[in-house]
Amino acid sequence: MNDIMIDVQGLRKQYGAFVAVADVSFHVRRGEIFGLLGPNGAGKTSALECLEGIRRPDAGRLRVAGIDPTRQAGKLRQVIGVQLQAAGLPESITPDEAMALFCRYHAIAPRYDLLDRFGLTAKRHTQFHQLSTGQQRRLALALAIAHEPAVLFLDEPTAGLDVHSRAELHGVMGELRQQGTTIILATHDMAEAEALADRVAILLNGRLAAIGAPLELTAAGNGLTKVSVHTRDGLLLATQSPIPAVTQQTVKEQYAIYFSHNIGQTVAALIAHVTDRGDELIDLRVERPSLEDRFLELTNERP
Amino acid sequence: MHAFTAHFAFEFRTGIRNKNLLLLNYLFPLGFYLMMGLIMTGINPLFQDTILPAMSLFAVLAATLLGLPDPLVNARESGIFRSYKINGVPAASILAIPALTTALHLAVVMAIICLTAPLLFEAPTPQNWGAFLLVFVVATFTCASWGVLIGVVSPSTRMTVLYAQAVFLPSMLIGGLMLPYSMLPEAAAAFAQLLPATHAMNAFNGLAMGAGADFSPWGSLVVLLLSGLLALGLAGYLFSWDSRNTERRGHPLLALLVLAPFIVGLLMF
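Chains as they are written, first to last, in our numbering: chain A, 537 to 839; chain B, 12 to 280.
Keep in mind that the hints are not guaranteed to be accurate.
[What the hints assert, rightly or not] For the chain A half of the interface with chain B, some residues (derived, Cβ under 8 Å), not all of them:
id	residue
1	Leu620
2	Glu633
3	Tyr641
[As the list claims (entries may be wrong)] Chain A residues, not near chain B, derived (Cβ > 12 Å throughout):
id	residue
4	Gln614
5	Ala686
6	Arg768
[Stated by the list, open to error] Over 10 Å on every C-beta distance to chain A, these chain B residues come out as not near it, computed from the model:
id	residue
7	Leu34
8	Tyr37
9	Ile50
10	Leu131
11	Val148
12	Met194
13	Ala199
14	Gly230
Think of the hints as simulated: they come from the structure by calculation, not from any bench. Even for Gly, the Cβ is constructed at its ideal location relative to N, Cα and C.
Isolated chain B (complex conformation) (with noise of 0.2 Å):
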């Protein structure tokens, strides 16, 4: 068995293993889905619509930005990066195969959403299902590379809850999950398209689900893409392989750069 491959096999089964990564990446997005299924339709007929897209992007976002971080803050602090970096596992593999192993947990959950929203709650399925799909990998790669990339910057675990939150409030306030972005008011509207749920949604909506996007689809998964891209490359630059961070090549505050292609996004839909 190659290196990376049983690396990705052990990182895999502790996202079921942990019973803090079982819960951020099975037991909170199922029970979450469930119980909005329950009430969130009796209470909001159109949340209906969209309740296949809207509980895998929850899925999405819980298991990225809650749970992809706080390991690798963990793992910085307590010293296993330096002992990887002894043993010769590349800081590439650090980075990816947790991010991976999320997907792949991520596709699981998305399935079960999938299989049984229909029956459960009468949910429609997506008209076009390639595009379902395209926008789910498409949203899990930039979350993940976000959630890499809050990992790599947040100095203590403490701060990376505030920065997962920063991102993961608003998400789900305004991401589109909830309430339709067509509903917000215009200030609202202008700060939610710099989340990547809006987008994430707005893809959602306009090539998969055949409900109609409020701006360019396709320049949402544009958007998404080269923000994920960017996140990714910000998490290789500004790594470092221990909590004195002394030979970090750059000042985490360059991690914002990851909104730039939303304020484009922004000023261009």
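Chain A extracted, bound-state conformation (with noise of 0.2 Å):
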């Protein structure tokens, strides 16, 4: 797990006088799921598009599984899949012709048996136009990991699908990850980010503004713990009571909301308050910052 299999050193990429990616550096170990996070613009594309050799960087030392994308395309391409945003397939092209035609080019025999585990037997005559989202990106997934690459570029994978679609995409991607893929996600999905990423990246004006675990970065921020009660007697809707740690109070329908920055000490608090009192306790919630909350927090720090 301790080998990088990306690593990117002072990445820079400009379009014209704009600025996509200034100095971006980090890495992902074999087998990470890595998250790419970022407001629209933030240059999460760019900086996937330098790795994946579409484009050329403005500086910078970029590797992907040893590789430098700018000056061994043809290697690359044996190492890596990539899944883009846009679903970059003609039309009129089927399933089959599809997986035909790409594992032709990447030499290997044609996967169709991807076509069967991601359910698209009943469609492999069906025009791609012809496909439902979910089944386009089923489609555009199966294909990039025909050829088993080593690393699999997932640029807003579930982007359009529905909750049946998004559950099976992040099952196929666990799976993966079992078998040692590394993958980067590049979503502005932050509930998937926080589920599926070992470790994220969040871009903002194309800058690095934190990076690691969801835990850790949720952590690191200034969110408060977020703890609901609801008790028979509705002893905590009647007054403010004096609750240690918390700093905001609040009451919704049959629950009296606390906010805590010492999550241990205002739950203790709370049941002995309760309990001591002749209340009895019939609901308590704790919500820690999601990533969600600390990717808000982040992109209003900075203009």
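Given two chains presented individually in distinct reference frames, assemble the corresponding complex, making use of the accompanying hints.
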């Protein structure tokens, strides 16, 4: 788990006067799912395209599985798989034809088994434009992993998918990670990144604003943990109780809601407060700050 | 199956499966051929003599100039080229395969015209079939190269229509398909010599149909060949994988160099 599969040092990419990516450095280990987050125009796609060999960086040192994407394009194609944000397939191509075509260019036998695995058996001879968004995404993923790449780039893989299709794709990503595939996941979906990624990097205005495990990032923020309490007699609803470590207190429907910077102290005090006064705890929920909260905090900090 | 063969097979099927391409490769040329055969042979008896080369050339112009560029522009704009690049599809295949499959469709259309025109319209057959096929192949190569070049340099589908029509319409009007070159006024005749259609008809008439050329038919063939080669080279040179065009190696106006052999021809013939 310690070998570095992707190494980015001082990456810079600009289009004319516009600097899309400025001095970005990070690395990704083998078998990691690495989330690349950022608002629109943050530089995610430009950074990915430089790693994928689609664009030439203006500065910096890039290595993908030890390969320089700018100088060793042929070798790079053998070790990476890419699911682009846009489908990138001709309208009239069928899944069967696409699989045959791409596998031939990778000099391998067509992996029709992947079409079956991704639930496209019945659609193997349907033209691409007649597939649903979910089927198009699944086909794109099947094509991206057909040659069993060591590194997989996924650009907004679940955008526009329904809940079931998202869950299916998340399952596939999990399986690929188990098999040792390194995955770079560019997404707007914070919940997805938090659930799947081992580490995430947040890009803002082309610069790296934060990097680390989702838990580390959320812990590093100023966010408060939310505690919602529902009791039988509504003891907590009536008065503003003095609970330690609580900075804000409010009421919503049957729940008293507290925002705490020390969750241990607050929960212990709440339970004691309720039981000492003869009330009974019906429900207690703790919600720590999410990656989305941290993301919003960071984006609000920087204009 | 080799990657190139698989790609070629897919593109060939697309030429029939895609309604626009089916229209431009088959329905439009063959429909126009039937209509012109029925109408023009009555109005202008001379047209009967050139119906085979003229309608074969019309098919070439429609499929290559109107049919070839747009799918290339669409593929570039919709990220298909990027996807191809990532998966190792070479630029040469992206440019050559649509041109080759179009040529194959055109061979079918030309065969239909050659087989039916003598029966339906009592059209004379070529005196030299070998020369007819040679001119057809060279004209197809040149026009297909021009079509690919238009697809490469055109920034959008809207501009593609303009560029393609800028060649197609004058070719139809003064390229020798409807009216003989010899009937054109001097200025129009000079302008016509800048068009592949004029040289193709001149070569057809002089080398294959035995109708007499207006200027050197072999010269026309050389001009066509040189322009086709230039267009192909420029298409490769100016090709870009995506719409941002940040890595294009030259200005799109370089594409006008394909006219150079025609200008030289104009001065020589």
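Hint check:
1. Leu620: Leu620(A) check passes; min Cβ-Cβ to chain B is 6 Å, inside 8 Å.
2. Glu633: Hint holds; Glu633(A) Cβ to chain B Cβ min 5 Å, cut 8 Å.
3. Tyr641: At 4 Å from the nearest chain B Cβ, Tyr641(A) passes the 8 Å test, so the hint holds.
4. Gln614: It is violated; Gln614(A) is separated from chain B by about 8 Å at its closest Cβ, not greater than 12 Å.
5. Ala686: About 15 Å separates Ala686(A) from the closest Cβ of chain B, which puts it past 12 Å; holds.
6. Arg768: holds, 59 Å
7. Leu34: holds, 14 Å
8. Tyr37: holds, 16 Å
9. Ile50: holds, 34 Å
10. Leu131: Consistent with the label, Leu131(B) stays out of reach of chain A, its closest Cβ about 33 Å off (over 10 Å).
11. Val148: holds, 27 Å
12. Met194: Given that every Cβ of chain A is farther than 10 Å from that of Met194(B), nearest at about 43 Å, it holds.
13. Ala199: Ala199(B) clear of chain A: closest Cβ-Cβ about 41 Å, beyond 10 Å.
14. Gly230: holds, 40 Å
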